[in-house]
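Enquirer: Listed below, chain by chain, are the residues.
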Amino acid sequence: MTRPRLRLVGGVCAGFAEHTGVPLATVRLVTVLLSLCGGFGALLYAWLWATVPSGAAAADPLPKSSLARPSAVRPQPAVSSPVAAPGAWPQGSAGGNHRADRWPGNGADPASPVTPNRQADSARAAPVTEILLGLALLAAGSALVASRLGADIPLAVVVPAIVVLAGTALAWRQFADIRSGAAQQSSALLVRILGALVLVAVGILLFFVTGTNPNAWTVILAAASVLLGVAVVTAPWLLRLWSDLADERAARARESERADIAAHLHDSVLQTLALIQQKAGPHSDAARLARAQERELREWLFTGSRSGSAEPATDLATTLHRIAGEIEEDFAVHFEVVTVGTGVGVRSAASPEMNTSNTDAPESLVAAAREAMLNAARHAGGAVSVYLETGARGIELSVTDRGPGFRVDQIPEDRLGVRESILGRMRRAGGTASVRPGPGGAGTEILLTLPAATTAPATDEHHTETSVR
Amino acid sequence: MTDLDSSSATEPSAASAGLRVLIVDDHSIFRSGLRAELDDDIVVLGEAATVDEAITRVIDLQPRVVLLDVHLPGGHGGGGAEVIREAAPRAPHTLFLALSVSDAADDVVSVIRAGARGYITKSASGAEVSEAARRVAEGDAVFSPRLAGFVLDAFGAVAGETAETTEELDRLSARETEVMRLIARGYSYKEVASTLFIAAKTVETHVSAVLRKLQLSSRHELTAWALERKLL
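So the sequence lines, in the order shown, correspond to chains A and B.
For the first sequence, counting from 1, position 441 maps to 434 in our numbering; every step adds exactly one.
For the second sequence, counting from 1, position 12 maps to 221 in our numbering; every step adds exactly one.
Calculated directly from the structure, the hints in this document are not laboratory data.
Even glycine gets a Cβ: it sits at the ideal position worked out from N, Cα and C.
Among the clues, some could well be false.
Every beta carbon over 10 Å from chain A, so not counted as near; a handful from chain B, in silico [unchecked claim]:
no.: 1; residue: G227
no.: 2; residue: L254
no.: 3; residue: H280
no.: 4; residue: K331
no.: 5; residue: E347
no.: 6; residue: V367
no.: 7; residue: T371
no.: 8; residue: E387
no.: 9; residue: E400
no.: 10; residue: F406
no.: 11; residue: E413
Ranges of calculated distance between the beta carbons of each label pair, as one might list FRET restraints [what the hints assert, rightly or not]:
no.: 12; chain 1: A; residue 1: W235; chain 2: B; residue 2: S417; range: 34 to 40 Å
no.: 13; chain 1: B; residue 1: I238; chain 2: A; residue 2: A239; range: 37 to 43 Å
no.: 14; chain 1: B; residue 1: D315; chain 2: A; residue 2: R247; range: 21 to 27 Å
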């Protein structure tokens, strides 16, 4: 026989019912009746509770969770009932737990779990609750039996003891809930904790108030007891605070470790990749691979620190870096992207309502820049400088290569790459584009400018992009 | 930069036996790679891997140019900037050229403010590093496009802030802004000169002036970076 996880108080009745095949309601009824007959049932119940092992966490949901009462009010009867009716056992003592409705008939349908996981956690995490409640029940039961047998029971001691045990159990339960992270309404939780604490304090005080003639020692003892009781009850909470602090420290240590690793990667791996690129020459596959790896690593290393600024997906500078990376993967080219000025978003032509800021760069600028960079990669290769400046004057973007160079008027009429994808696009976006020889007469410099005042919508037409030149 | 020129003139060995440099980097693979790639007229006096080692070597060897990694272990955790601060007073003829793989502005600003005469990325080829080292040895400042970009940002040049007088440390003059802008675009000094129709020497003067401002300015953005790195 085991006590199932599916239980109301100790699971004794349920375990017995399961073991014998007798209906659960009948077992419970008999138990209650036996308890009323001189407390025999209660004593048996307590004894079985203490001796019968708890069953393994079964797959079935816990019955306490089936109690269709809001969790916040469950334990409330506990505060008063044991004090008010110490003789009305077992209901009174059991009320110290939130499984208050243990008597048959009030047992709710086990098929409607509310929060089984939380309950399971708290049940596992706090066997203390069961032990304390068991002790309270035992005390109450033996006191009752003893009084029936005619013994002189010092109720002045027994009643407070039961109250203290039940109160501690209740408090422990609440703290276990806190510890297991089962967040509830904090106000309700506070009320319950306070109730539990008051219960403990009252119980301890009762020892002395109802005891013999009070003297100085009694008072001191009472005060010490109250303090001790509160300390015991709040210990789990303090423990939790402490462990939280330790967790936080550990998290910080992990974070700094991550930063250390990042710094190490940054130095050693990036350097190696840079070295490979140097040795292998700009046009080799090895250099291209190393460059791609370097870019990925850089992204991984620096996105964390940059994430504070605007969303990366729509930032113009980030977009340029991404485009550079994509092109570098396909061509033997290295883009030195330098961005200066305030961050500027990218206004999507497809959904202009998403970014309403007038300072945002239209998508056509990005497309034109991409085309210019692609041109440089295709026809020049090597090192290409991309410079983006965003400021009060607007947006200025230049792509400078050191290739053979070309002139717009030399491009055949049927080649639309530069004429349409770059010049036309910028014109329609309200900006300008110029293609001119690079510095010192070598290579090509494509300069895209977009005045700040431009609020013209980016009406980028759907034309077919043809290869340049 | 006449004082620097005269100082190199007082060292006849520098002219006859090539440029004496010290390579400081904590990665031996990079040191040996760089050593092999440097031009023939550059004499590598030695290598150092940590801050303490670098300080000792700089003071002992008195190289003309130190190729200095920004991130270095040892010392008080100050990296390349710490090397410059500690070694520079006891090696008056030594100039520092910072090398880094870093993209971070504070890394750049920290070494420049400590006194480095230039900053280039490690992806530069051996010839480029050699050229930069020669340039530094001649007293010029060496700006990579990225450093020029940082400067434009840090001095608010993009926002249209322009210095009224050349003495103003917190802002760039219109001409300096133009020069920086072209360098950021990847132009060489010579190309900047021909584009702006000025002499190459004038470009160098502008760049040196910008470097001085970068080192001396108390501009908010610069000091913020410096404060973050506990440099002030």
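Enquirer: All the hints need checking, so say for each whether the structure fits it.
Expert: Now the hints, each set against the structure:
1. G227: Fine: 21 Å to the nearest Cβ keeps B/G227 off the interface.
2. L254: holds, 22 Å
3. H280: Contrary to the label, B/H280 does not stay out of reach of chain A, its closest Cβ about 5 Å off (not over 10 Å).
4. K331: violated, 5 Å
5. E347: holds, 21 Å
6. V367: violated, 4 Å
7. T371: holds, 12 Å
8. E387: holds, 12 Å
9. E400: violated, 3 Å
10. F406: With a cut-off of 10 Å, B/F406 remains clear of chain A, as the shortest Cβ separation is near 13 Å.
11. E413: holds, 17 Å
12. A/W235 x B/S417: 34 to 40 Å: violated, 59 Å
13. B/I238 x A/A239: 37 to 43 Å: holds, 40 Å
14. B/D315 x A/R247: 21 to 27 Å: Given a distance of about 23 Å, which is inside 21 to 27 Å, the answer is holds.
Hint compliance for this structure: hints 3, 4, 6, 9 and 12 are not met, and every other hint is.
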